[in-house]
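Given next are the chains, with one letter for each unit.
There are 2 protein chains.
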Amino acid sequence: MSMRPIAFQPRQSIEQVEESTDLAPKFDDRGLITAVTTDATSGELLMQGFMNAEALQRTIETGEAHYFSRSRQVLWHKGATSGLVQKVVQLMIDDDQDCIWLRVDVAGGASCHVGYRSCFYRQIPVGENYAAAQKDGQVSLEFTETQKVFDPKEVYGDAPNPTLL
Amino acid sequence: MSMRPIAFQPRQSIEQVEESTDLAPKFDDRGLITAVTTDATSGELLMQGFMNAEALQRTIETGEAHYFSRSRQVLWHKGATSGLVQKVVQLMIDDDQDCIWLRVDVAGGASCHVGYRSCFYRQIPVGENYAAAQKDGQVSLEFTETQKVFDPKEVYGDAPNPTLL
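Residue numbers (our numbering), protein chains in the order written: chain A, 1 to 165; chain B, 1001 to 1165.
One or more hints might be untrue.
Label-pair ranges, simulated between beta-carbon atoms [what the hints assert, rightly or not]:
{"#": "1", "chain 1": "A", "residue 1": "E154", "chain 2": "B", "residue 2": "K1148", "range": "42 to 52 Å"}
{"#": "2", "chain 1": "B", "residue 1": "D1136", "chain 2": "A", "residue 2": "A133", "range": "54 to 64 Å"}
{"#": "3", "chain 1": "A", "residue 1": "T146", "chain 2": "B", "residue 2": "K1148", "range": "37 to 47 Å"}
{"#": "4", "chain 1": "A", "residue 1": "K148", "chain 2": "B", "residue 2": "K1148", "range": "36 to 46 Å"}
{"#": "5", "chain 1": "B", "residue 1": "E1154", "chain 2": "A", "residue 2": "T81", "range": "48 to 58 Å"}
{"#": "6", "chain 1": "A", "residue 1": "T81", "chain 2": "B", "residue 2": "S1042", "range": "26 to 36 Å"}
{"#": "7", "chain 1": "A", "residue 1": "E54", "chain 2": "B", "residue 2": "K1148", "range": "29 to 39 Å"}
{"#": "8", "chain 1": "B", "residue 1": "A1007", "chain 2": "A", "residue 2": "Q147", "range": "21 to 31 Å"}
{"#": "9", "chain 1": "B", "residue 1": "K1148", "chain 2": "A", "residue 2": "D151", "range": "47 to 57 Å"}
{"#": "10", "chain 1": "A", "residue 1": "I14", "chain 2": "B", "residue 2": "Q1090", "range": "30 to 40 Å"}
{"#": "11", "chain 1": "A", "residue 1": "D151", "chain 2": "B", "residue 2": "N1129", "range": "34 to 44 Å"}
Away from chain A, derived, C-beta distances all over 12 Å, residues of chain B [claimed, not checked]:
{"#": "12", "residue": "G1031"}
{"#": "13", "residue": "R1072"}
{"#": "14", "residue": "L1075"}
{"#": "15", "residue": "G1079"}
{"#": "16", "residue": "S1082"}
{"#": "17", "residue": "E1154"}
{"#": "18", "residue": "V1155"}
Think of the hints as simulated: they come from the structure by calculation, not from any bench.
Backbone N, C-alpha and C define an ideal beta-carbon position, used for all residues, glycine too.
Can you build the whole structure from these sequences, using the hints too?
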């Protein structure tokens, strides 16, 4: 695969960034842009990660989701270890170009290193439900997925858990 | 509305954070947690923002989306200026509890300060589409929304544009 650099445009004006067809992404002081990934079919939020310029470039060129792993500080081709590659159906960028939205098809149907389909498998009760559930301002998360799609130990073996406390 | 503080739990172990019902959100060194907001009906990604502890607390208590505005450095009750309040249908938290997912109903059907329904109104061609469209590695964004839902000047008047270059 040729890796001719994609020409990101310099950010020159609000009108250019918001209203033009220029691809002028804003990488933060760590060189990262936020990436939000949803299931292209169900609309479910699968994960939220980050891309550096190379990850965005490779995603665009290959049509497969690449991220930058903050815990491992490396380019991360999602699915390279687990086989759960994310095929990009649509790649969107937001108004001020500091967030990328990936609509993906996931091979195997799972995205979460814990083994669930989505990284978002617990809900927080809100409003009246919070008022009814809370005790002294303390509230319990509610699991919305009860069964894991895969066993992380089988898939990842002894690879370090990416969750940081 | 009583603002008794919600008792966020201290983060003690990966198992607690990933597998328990403890609400133990991870705020970054700026005191912020990423928030991703989708339309509860369509699954469309409406916006990506940030919450501080107070914004998360108020969202949980009121059932209406609150964020922390990084450009203005203030608590931001979404819709307070525009009237486009986001009613939270479901509030989810991810595996390592550093990202909140809001599934919302939006009064008026618009979320973007530029006037579009979603903040994500442009796509980046990927894979074969990128290869066909690029010239010298340069690629044009493609608008997926062609009509604004409202006129930002009418709604926001002279309020400063939140986009930062």
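Structure-based check of all given hints:
A beta carbon spacing of about 50 Å between E154 (chain A) and K1148 (chain B) agrees with the range 42 to 52 Å that was offered as a hint. At about 57 Å, the CB distance of D1136 (chain B) to A133 (chain A) agrees with the hint of 54 to 64 Å. Here the CB-CB span from T146 (chain A) to K1148 (chain B) is close to 42 Å, well matched to the stated 37 to 47 Å. In this structure the supplied range 36 to 46 Å holds for K148 (chain A) paired with K1148 (chain B), their Cβ-Cβ distance being about 43 Å.
For the pair E1154 (chain B) and T81 (chain A), the supplied restraint of 48 to 58 Å holds, since their beta-carbon distance comes to about 51 Å. Under the hint 26 to 36 Å, the C-beta atoms of T81 (chain A) and S1042 (chain B), about 33 Å apart, fit the expected range. In this structure the hint that E54 (chain A) and K1148 (chain B) lie 29 to 39 Å apart at CB holds, the actual value being about 34 Å. A1007 (chain B) and Q147 (chain A) have their C-beta atoms about 30 Å apart, which keeps the hinted 21 to 31 Å range intact.
The hint said 47 to 57 Å for the Cβ distance between K1148 (chain B) and D151 (chain A), and at roughly 48 Å that hint holds. A hinted range of 30 to 40 Å holds for the C-beta pair I14 (chain A) and Q1090 (chain B), which are about 33 Å apart. As the Cβ distance of D151 (chain A) to N1129 (chain B) is approximately 37 Å, the hint placing it in 34 to 44 Å holds. Its beta-carbon lying about 16 Å from the closest one in chain A, G1031 (chain B) satisfies the requirement of being farther than 12 Å from that chain.
Every CB of chain A is more than 12 Å from the CB of R1072 (chain B) (nearest about 14 Å), matching its label as outside the interface. Non-interface call for L1075 (chain B) relative to chain A: holds, since the shortest CB-CB distance, roughly 17 Å, exceeds 12 Å. The claim that G1079 (chain B) lies off the interface holds: its Cβ sits roughly 15 Å from the closest Cβ of chain A, which is beyond the 12 Å cut-off. With a least beta-carbon separation of about 14 Å from chain A, S1082 (chain B) lies farther than 12 Å from that chain, consistent with its non-interface assignment.
No Cβ of chain A approaches the Cβ of E1154 (chain B) within 12 Å, the least distance being about 17 Å, so the stated non-interface status holds. At the 12 Å boundary, the C-beta of V1155 (chain B) stays outside the reach of chain A, the nearest C-beta of that chain being 15 Å off.
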